[in-house]
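S.K.: This is what each chain is made of:
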Amino acid sequence: MAYFSRLSTAGEMASALAHEMNQPLTAIVAYARGCLRLLRAPTPEPNMLREGIDRIVEQGERAGEIINRLREFMRSGESQQTTVDVLEVIEAAAALAQVEATQNGVAITMRLEENLPSILVDRIQIEQVLLNLLRNATEALVAANCERREIIVEARRTGEDAIEIIVADSGPGIAADIEPRLFHPFVTTKDHGMGLGLSISRSIMEAHGGSLRLIPHTSGALFALTAPISDSEVREYG
Amino acid sequence: MGEWTVFVVDDDEGVRNGLSFLLRTAGYAVQTFSCATTFLDAFDAEQRGCLLLDIRMPQMTGLELQQELNRRRWRVPTIFITGHATVPSAIAALRAGAFDFIEKPLRDDALIESVARARQQEEIAHEENLLLAETEARAALLTPREREVLELVAVGESNKVIARRLGISFRTVELHRSHILEKMQARTISHLIRMAIILESSRSAGKK
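Keeping their order, the protein sequence lines are chains A and B.
Here this note's numbering runs 5 ahead of the position in the first sequence, where the first position is 1.
Here this note's numbering runs 50 ahead of the position in the second sequence, where the first position is 1.
Hints are not guaranteed to be accurate.
[Unchecked claim] Covered by chain A, per the in silico footprint, the following chain B stretches (three or more residues, Cβ under 8 Å):
hint : stretch
1    : 57 to 68
2    : 72 to 78
3    : 145 to 158
[Claimed, not checked] Beta-carbon label-pair distances, calculated as ranges:
hint : chain 1 : residue 1 : chain 2 : residue 2 : range
4    : B       : 125       : A       : 189       : 34 to 40 Å
5    : B       : 122       : A       : 216       : 55 to 61 Å
6    : B       : 176       : A       : 50        : 37 to 43 Å
7    : B       : 253       : A       : 50        : 49 to 55 Å
8    : A       : 180       : B       : 179       : 39 to 45 Å
[Stated by the list, open to error] Residues of chain B clear of chain A, computed beta-carbon distances all greater than 12 Å:
hint : residue
9    : 93
10   : 104
11   : 106
12   : 114
13   : 121
14   : 132
15   : 141
16   : 161
17   : 170
18   : 188
19   : 201
20   : 205
21   : 207
22   : 211
23   : 227
24   : 254
These aren't lab readings, by the way, just hints derived from the structure by calculation.
These numbers come from a predicted model, not from an experiment.
Just so it is clear, CB atoms sit at the ideal spot from N, CA and C, and this is done for glycine as well.
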C-alpha cells in the first residue's frame, strides 16, 4: 500500500487497488468454498471449519484495512494541503505527461493567465488528477488515430474564490452513450483500463472543495477542474 | 514417491493458504511455496502432482517458472491463476504449455474441477510412461536380428515375406519370432504389435 503515493496517475492507483483487493477476496472465496465442502460431509470436522472461518474473518479485515488506508490517502487531510502555485503544479504535471505526448506526436499547448493566486491543495494529488487528464487525452488521440493531435491546457480565475483549469483535446470526444456514466467507477473506453481514473480524480477534487466536470464542447473532450484559492487570512490551521 | 500433490506457488500468503485449504477439503495433498525459487529448490522430478501458479509474482513470474520447468523437462500439468486475465497473457501461458487458466477470485468449482482434470491427464501420462519404460526394458533384451524381425512383424508382414526380405530361412524366422514373443512377454501377436507401436512412437517423438 505504501507505493500508492508513488504511483503517477489515479488510473495506476486504481489498478493497484484492484490487485490489492483481489488477493483477500480470492482467499475469502477459497476458504468459504472449502467450508461449504466440509459442511457437505456427513460429519463435518469442526476444527477445520473453525480454521476456515477464522481465516475468512482475517482476510475480510485485511480487505477493510486496504480500504481504510485508501480512504486516508484520498481524504487528503487538511494538514497535507498547502498553498500551491497554479502554474507550477500545471507545469509539473505537463512535464510528466510530455514524454508520452512527444512519443505519440501530441502537442501540449499552455494558455495560462498571468498572476493567478495560489490554490490550497494537496500538491501531489492535484498533479495526479492533471496527469490523469493529460494521459487520457493523449491516449484518446492515439486510439482514434487523429491527424491533428493537440491538447490545450488553460488556467484562469473563476469567480471570487476559485481557479479553473481546462484540459481540452482535439480528439473524437466522449461517446454519447458513455457520457452520462463517465465519472462512474469501472466505466472505461480503453482496452487496458480499470475505469477508475476519472471517478477517483473527481473524488480528489471534491475532497478539496473543488470540482471536476466534462464541459459540452463542439469537438474533442473538454474537462474543467476547479480548486479553491488559498486565503490564509480567513482559514486558520493547526 | 509420496502422495499425488498439488504444489501451490503464490507470493500472497492469504491466497496461498486459502487455495491450500480449499484443495485439502477436496482431499488433495498440498504443498505451498511463496516464490518460484523456493519451489525450484524443493523440486524433485520424481514427485507426482500438478502445479498451481500465480502468473504475477515478483522476481520469477509464473510464466518464467513454467519455462524453467520445460527446460528441466519436468512434465507436470500447470494451472495458472491470474487476477486480471488478458488475451495476450492467456496465449503466452498456453504456449508455454499451461494446462489451464483460472481467474481470481475463483468462480464456482473451477479450481477443483481443473485440478481433477489435471490429475486425470497426469495419471494417463504416468501410465503411458510406465508402460513405455517396461516395454523398452523388454526390447533391450532383443538381438539386432530379432529387432529387425519385430519391425517387419509390426507392419504385418508374413513369415514368408520376412524370410525373403532378410535372406534367411522360414524356419529361422519362426524361431526368432518365438524368442521375440518370449522376451517381450507378449500374450498374442496383437499384443506384440501394440508394444512395437509404443516403441516406434516414442522413438519418433524422441527424434523431433
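S.K.: All the hints need checking, so say for each whether the structure fits it.
M.R.: So, going through the hints one by one against the coordinates:
1. Only residues whose C-beta sits within less than 8 Å of a C-beta in chain A count toward coverage, and the stretch 57 to 68 of chain B has 5 of them, enough to reach three; the restraint holds.
2. Chain A is given as covering the stretch 72 to 78 of chain B, and this holds because 4 residues of the stretch bring a CB closer than 8 Å to a CB of that chain, at least three being needed.
3. Closer than 8 Å: that is the beta-carbon criterion, and the stretch 145 to 158 of chain B has 3 residues meeting it against chain A, so the requirement of 3 holds.
4. Distance hint for residue 125 (chain B) and residue 189 (chain A): a CB-CB separation of about 47 Å, inconsistent with the stated range 34 to 40 Å.
5. Here the CB-CB span from residue 122 (chain B) to residue 216 (chain A) is close to 59 Å, well matched to the stated 55 to 61 Å.
6. Between residue 176 (chain B) and residue 50 (chain A) the beta carbon distance is about 31 Å. The supplied range of 37 to 43 Å is therefore violated.
7. Checked against the hint of 49 to 55 Å, the C-beta distance between residue 253 (chain B) and residue 50 (chain A) comes to roughly 51 Å, which is consistent with it.
8. Range check, residue 180 (chain A) to residue 179 (chain B): about 57 Å between beta-carbon atoms, so the 39 to 45 Å window is missed.
9. With a cut of 12 Å on Cβ distances, residue 93 (chain B) stays outside the contact zone with chain A, its closest approach being about 24 Å.
10. For residue 104 (chain B), the condition that its CB be more than 12 Å from all CB atoms of chain A is violated, with the nearest at approximately 10 Å.
11. Residue-level check failed: residue 106 (chain B) sits 8 Å from the nearest beta carbon of chain A, not beyond 12 Å.
12. No Cβ of chain A comes within 12 Å of the Cβ of residue 114 (chain B); the nearest lies about 19 Å off, and the non-interface call holds.
13. Against chain A, the non-interface label of residue 121 (chain B) holds: every CB pair exceeds 12 Å, the least being about 29 Å.
14. The non-interface label for residue 132 (chain B) is inconsistent with chain A: the shortest C-beta to C-beta separation is roughly 10 Å, within 12 Å.
15. Every CB of chain A lies more than 12 Å from the CB of residue 141 (chain B), the least distance being 15 Å, so the non-interface label holds.
16. The beta carbon of residue 161 (chain B) is not kept farther than 12 Å from every beta carbon of chain A, the shortest such distance being approximately 8 Å.
17. Listed as outside the interface, residue 170 (chain B) is consistent with that label: its C-beta sits roughly 20 Å from the nearest C-beta of chain A, beyond the 12 Å cut-off.
18. With a minimum CB-CB distance of about 45 Å to chain A, residue 188 (chain B) clears the 12 Å threshold, and the non-interface call stands.
19. Here residue 201 (chain B) stays apart from chain A, with its beta-carbon at least about 53 Å from theirs, past the 12 Å limit.
20. With a least beta-carbon separation of about 52 Å from chain A, residue 205 (chain B) lies farther than 12 Å from that chain, consistent with its non-interface assignment.
21. Distance to chain A confirms residue 207 (chain B) as a non-interface residue, since its nearest Cβ pair spans about 57 Å, more than 12 Å.
22. With a closest Cβ-Cβ approach of about 62 Å to chain A, residue 211 (chain B) is found to remain outside the 12 Å limit, as its non-interface label requires.
23. Residue 227 (chain B), annotated as away from the interface, keeps every beta carbon of chain A farther than 12 Å; the closest lies near 56 Å.
24. Here residue 254 (chain B) stays apart from chain A, with its beta-carbon at least about 43 Å from theirs, past the 12 Å limit.
When each numbered hint is compared with the structure, violations occur for hints 4, 6, 8, 10, 11, 14 and 16.
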